[in-house]
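A.B. asks: Chain residues, written in single-letter form:
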Amino acid sequence: MGIIFEKTQAALSNIRSLDPRIRAVISVLDDSALSRARSLDAQSSRQALHGALVAVKDNICTKIGATTCASHILQNYQSPFDAHVVERLHAAGAVIVAKTNLDEFAMGSSTENSAYFPTRNPWNLDCVPGGSSGGSIAAVAARLTPYALGSETGGSIRQPASFCGVCGLKPSYGRVSRYGLVAFASSLDQIGPVATDVRGLAELLGVIAGRDERDSTSVDAPVPDYAAMLDESPGRVRIGIAAEYFGDGLHPETRARVEAAIDTYRKLGAEICEIHLPHAPYTIACYYLVCTAEASSNLARFDGVRYGHRTAHPKDYFDVYSASRAEGFGSEVKRRIMLGTFALSSGYYDAYYLKALKVRTLIKQDFENAFNHCDVILSPTTPTPAFRLGEKRDNPLEMYLADIYNCAANLAGIPAVSIPCGFTSEQMPVGMQLMAPHFAEGRLLQIANWYQTVTSHHLAKPPICAD
Amino acid sequence: METGIDESQVRHIAHLARLKLSDEEITRYGAQLSAIVGYIEKLNEVPTDGVEPTAHPLPVCDVLRDDAPRPSLGAELALANAPDSAPPYFKVPKVLDHMDA
Chain A
1 MGIIFEKTQA
11 ALSNIRSLDP
21 RIRAVISVLD
31 DSALSRARSL
41 DAQSSRQALH
51 GALVAVKDNI
61 CTKIGATTCA
71 SHILQNYQSP
81 FDAHVVERLH
91 AAGAVIVAKT
101 NLDEFAMGSS
111 TENSAYFPTR
121 NPWNLDCVPG
131 GSSGGSIAAV
141 AARLTPYALG
151 SETGGSIRQP
161 ASFCGVCGLK
171 PSYGRVSRYG
181 LVAFASSLDQ
191 IGPVATDVRG
201 LAELLGVIAG
211 RDERDSTSVD
221 APVPDYAAML
231 DESPGRVRIG
241 IAAEYFGDGL
251 HPETRARVEA
261 AIDTYRKLGA
271 EICEIHLPHA
281 PYTIACYYLV
291 CTAEASSNLA
301 RFDGVRYGHR
311 TAHPKDYFDV
321 YSASRAEGFG
331 SEVKRRIMLG
341 TFALSSGYYD
351 AYYLKALKVR
361 TLIKQDFENA
371 FNHCDVILSP
381 TTPTPAFRLG
391 EKRDNPLEMY
401 LADIYNCAAN
411 LAGIPAVSIP
421 CGFTSEQMPV
431 GMQLMAPHFA
441 EGRLLQIANW
451 YQTVTSHHLA
461 KPPICAD
Chain B
468 METGIDESQV
478 RHIAHLARLK
488 LSDEEITRYG
498 AQLSAIVGYI
508 EKLNEVPTDG
518 VEPTAHPLPV
528 CDVLRDDAPR
538 PSLGAELALA
548 NAPDSAPPYF
558 KVPKVLDHMD
568 A
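Protein chains in written order, with my numbering: chain A, 1 to 467; chain B, 468 to 568.
The set of hints was computed from the structure by calculation and includes no laboratory data. One should not assume that every hint holds.
[What the hints assert, rightly or not] Cβ-Cβ distance ranges computed for the label pairs, FRET-style:
{"no.": "1", "chain 1": "A", "residue 1": "D126", "chain 2": "B", "residue 2": "A547", "range": "37 to 43 Å"}
{"no.": "2", "chain 1": "B", "residue 1": "A535", "chain 2": "A", "residue 2": "A312", "range": "42 to 48 Å"}
{"no.": "3", "chain 1": "B", "residue 1": "A547", "chain 2": "A", "residue 2": "E6", "range": "54 to 60 Å"}
{"no.": "4", "chain 1": "A", "residue 1": "P80", "chain 2": "B", "residue 2": "P514", "range": "32 to 38 Å"}
{"no.": "5", "chain 1": "B", "residue 1": "D551", "chain 2": "A", "residue 2": "L397", "range": "55 to 61 Å"}
{"no.": "6", "chain 1": "B", "residue 1": "A535", "chain 2": "A", "residue 2": "Q47", "range": "38 to 44 Å"}
{"no.": "7", "chain 1": "B", "residue 1": "A547", "chain 2": "A", "residue 2": "D31", "range": "56 to 62 Å"}
{"no.": "8", "chain 1": "B", "residue 1": "G471", "chain 2": "A", "residue 2": "K315", "range": "29 to 35 Å"}
[To be verified] Partial selection, computed: residues in chain A whose CB lies under 7 Å from chain B:
{"no.": "9", "residue": "D31"}
{"no.": "10", "residue": "L34"}
{"no.": "11", "residue": "R214"}
{"no.": "12", "residue": "A221"}
{"no.": "13", "residue": "N369"}
{"no.": "14", "residue": "F371"}
{"no.": "15", "residue": "N372"}
{"no.": "16", "residue": "H373"}
{"no.": "17", "residue": "K392"}
Glycine residues also receive a C-beta, built at the ideal position from the N, C-alpha and C atoms.
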């Protein structure tokens, strides 16, 4: 047996023993992972991610195993193709070991909205891991895999990364192909890497970034060697702080840890400057109109005809469509389809959807203005540490506010990363967010890595790993 | 602008969205959507006269591929996930019998 085979076997065994308590994984790809590991062991050439174990969010299509989007409507769906990022992972020598849990169709902020089971936070099993990429993030936090792919529409990588004490990156819109990512909101969705440290993010991003002609929104721009950039000196660093992100509702311990991180950067020699994002208070309202409008359109494809669940005894063709969707979609998905359909309906389009698109322009301009004064913007990733399971389930608006610092980066299309910056008195992780101009992922990761060269928060493992 | 969404509106939206909802869901979604729409109306505080809408974060438009044939999925694979099929077709209940419903 080769080294990669042994490593893969150990990881699969660890998933089988540890995951029943965390529930990060929807399906374990034992056979394909072991077979791939065996073939990699036999290869003499070494690729960028040769033998690296990766978990993939279950809204990213893989030919091997099911792609369920954590929904009953796609429970038995077998993708006939691999997503672009999956092709890239294979080409780079990675081994995909598992498909991970998520809020159904990536709609949620806690991974409680999975149709199958909720995922738990490895640091405290009574708490949520965040969402919607809670499975991918929890898998990395619990050291089930060193790398994972998540997806973001409004903070779905960064918010759980903050809750679980790992690193998660939302790349610039267009940096990574969305081909094979089951669409939620097409102008906001991006696939992004998850790892325990910034170097891991850089290695994964270097593999998945770049133009793909099958996604017309992917951008034909050079992909820097992100990992190599981490070894360069960051030079003069200007960090912008927006007062709008430090107002009411920010948990005192979160505020304290993020302010300590700002102080660390100051001691490292960074210049800290005040910037303003005047339209920040309108981010959530704008985001939920844009994303639900696009979701109502994208999810129209689930019609009970070509794939997915079909109701058992439809009385007519209309019933095939409406009953199949009613039975197949969960509560949060239906709520978002309803909100989006409302926002796009006759008489409300101008007042809601068009208004939101105009506010989106102003939010984007806020960032353009801010980046005239700084390289990156630093903020808390989330207003509070991880909340308890069930705490916000019946209050969708309160749940939506958990992404209050995240959605703006998706609306503007800029890259943003969350990295650990400490713990609360109850030993729950706190994350900070750094945002950068379009396609400045290299600089963003360089500045994030700078912090990790003098801190060790990212090295801490949840106690469950030592059990 | 109305802030509440009444039951008849919820039923109309559900029809447009092709979602067959129960009476309990209609009531629940009505209350939740009213609360969410009430929150969303804070956007009216923002002056947007003369502001161009942003539908997409990048200036990408009219991306066309070469007008050349290329391989497609194929009927067998396209039908592989269908809940009901009669190759090479997807199968659905009759439509015309119910047009007078």
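A.B. asks: So the hint says 38 to 44 Å: do the beta-carbon atoms of A535 of chain B and Q47 of chain A match that?
C.D. replies: violated (32 Å)
A.B. asks: Between A547 of chain B and E6 of chain A, does the C-beta distance stay in 54 to 60 Å?
C.D. replies: Violated, at about 35 Å.
A.B. asks: Verify the interface restraint on N369 of chain A: the C-beta must sit less than 7 Å from at least one C-beta of chain B.
C.D. replies: This interface hint is violated because 15 Å lies over the 7 Å limit.
A.B. asks: At a threshold of 7 Å, is the proposed contact between F371 of chain A and chain B supported by beta-carbon distances?
C.D. replies: Hint violated; F371 of chain A Cβ to chain B Cβ min 14 Å, cut 7 Å.
A.B. asks: Take a look at whether the Cβ-Cβ distance between A547 of chain B and D31 of chain A falls inside 56 to 62 Å.
C.D. replies: Distance hint for A547 of chain B, D31 of chain A is violated at roughly 20 Å.
A.B. asks: Classify the hint on L34 of chain A as holds or violated, based on whether any CB of chain B lies nearer than 7 Å to its CB.
C.D. replies: This hint is violated: L34 of chain A lies away from chain B, its Cβ roughly 25 Å from the closest one there, beyond 7 Å.
A.B. asks: Measuring from the C-beta of K392 of chain A to each C-beta in chain B, is the shortest one below 7 Å?
C.D. replies: The hint is violated - K392 of chain A has no Cβ within 7 Å of chain B, the shortest such distance being about 13 Å.
A.B. asks: Report holds or violated for the interface hint on A221 of chain A, using the least CB-CB distance to chain B and a cut-off of 7 Å.
C.D. replies: Hint on A221 of chain A: violated, closest Cβ of chain B at ~11 Å, above 7 Å.
A.B. asks: Mind checking the hinted window 55 to 61 Å against the Cβ distance between D551 of chain B and L397 of chain A?
C.D. replies: About 39 Å separates the Cβ atoms of D551 of chain B and L397 of chain A, which means 55 to 61 Å is violated.
A.B. asks: Verify the interface restraint on N372 of chain A: the C-beta must sit less than 7 Å from at least one C-beta of chain B.
C.D. replies: violated (18 Å)
A.B. asks: Once the shortest beta carbon distance from R214 of chain A to chain B is found, is it less than 7 Å?
C.D. replies: violated (9 Å)
A.B. asks: Given the hint of 29 to 35 Å, is the C-beta distance from G471 of chain B to K315 of chain A inside that range or not?
C.D. replies: holds (33 Å)
Hint check: violations occur at hints 3, 4, 5, 6, 7, 9, 10, 11, 12, 13, 14, 15, 16 and 17; the rest are consistent with the structure.
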